[in-house]
Amino acid sequence: MKLYKGDCLEEMKQIPDGSVDMVMTDPPYGTTQNKWDSIIPLEPMWEQLKRVIKHNGAIVMTSQSLFTAQIQVSSPFYRYSIVWEKTKAGGFLNANRMPLQAQRANSGL
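For the sequence shown, counting from 1, position 93 maps to 93 in full-length UniProt numbering; every step adds exactly one.
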């Protein structure tokens, strides 16, 4: 297994075509005002993922809220969703204005 750390659109350029069995990623959802939480351009990401993934490879992305819909609508190879039932709800910093989150969507591509 090889892990990459960095801007995915830049790092994926180093990966040979059709060489990846599985991509598991948790990209920024754009749900906070943190600088790092900006949605990456999806079209260039799909192009790179299509290029590097093997014919029978798997791509799994975690997401939430409207970002889940963006992934499903924009992906040329979206197939199914998996729901991750968390053992401990999250989002406690926003508990005074919204429910805690006990699930996370995972898109199988």
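Hint data in this document are derived by calculation from the structure and do not stem from the laboratory.
For glycine and all other residues, C-beta sits at the position ideal for the given N, C-alpha and C.
It cannot be assumed that every hint is accurate.
[Unchecked claim] Per label pair, the in silico range of CB-to-CB distance:
hint: 1; residue 1: Pro-16; residue 2: Ala-69; range: 28 to 34 Å
hint: 2; residue 1: Arg-51; residue 2: Thr-87; range: 34 to 40 Å
hint: 3; residue 1: Asp-37; residue 2: Ser-81; range: 20 to 26 Å
hint: 4; residue 1: Ser-38; residue 2: Val-60; range: 27 to 33 Å
hint: 5; residue 1: Pro-44; residue 2: Ser-81; range: 31 to 37 Å
hint: 6; residue 1: Tyr-80; residue 2: Asp-21; range: 31 to 37 Å
hint: 7; residue 1: Asn-96; residue 2: Met-24; range: 30 to 36 Å
hint: 8; residue 1: Asp-17; residue 2: Pro-41; range: 33 to 39 Å
hint: 9; residue 1: Glu-47; residue 2: Ala-69; range: 16 to 22 Å
hint: 10; residue 1: Gly-18; residue 2: Asn-96; range: 44 to 50 Å
hint: 11; residue 1: Arg-51; residue 2: Arg-79; range: 28 to 34 Å
Verification of the supplied hints:
{"no.": "1", "hint": "Pro-16 / Ala-69: 28 to 34 Å", "verdict": "holds, 32 Å"}
{"no.": "2", "hint": "Arg-51 / Thr-87: 34 to 40 Å", "verdict": "holds, 36 Å"}
{"no.": "3", "hint": "Asp-37 / Ser-81: 20 to 26 Å", "verdict": "holds, 22 Å"}
{"no.": "4", "hint": "Ser-38 / Val-60: 27 to 33 Å", "verdict": "violated, 21 Å"}
{"no.": "5", "hint": "Pro-44 / Ser-81: 31 to 37 Å", "verdict": "violated, 23 Å"}
{"no.": "6", "hint": "Tyr-80 / Asp-21: 31 to 37 Å", "verdict": "violated, 18 Å"}
{"no.": "7", "hint": "Asn-96 / Met-24: 30 to 36 Å", "verdict": "holds, 33 Å"}
{"no.": "8", "hint": "Asp-17 / Pro-41: 33 to 39 Å", "verdict": "violated, 21 Å"}
{"no.": "9", "hint": "Glu-47 / Ala-69: 16 to 22 Å", "verdict": "holds, 20 Å"}
{"no.": "10", "hint": "Gly-18 / Asn-96: 44 to 50 Å", "verdict": "holds, 49 Å"}
{"no.": "11", "hint": "Arg-51 / Arg-79: 28 to 34 Å", "verdict": "violated, 18 Å"}
Hint violations for this structure: numbers 4, 5, 6, 8, 11, all remaining hints satisfied.
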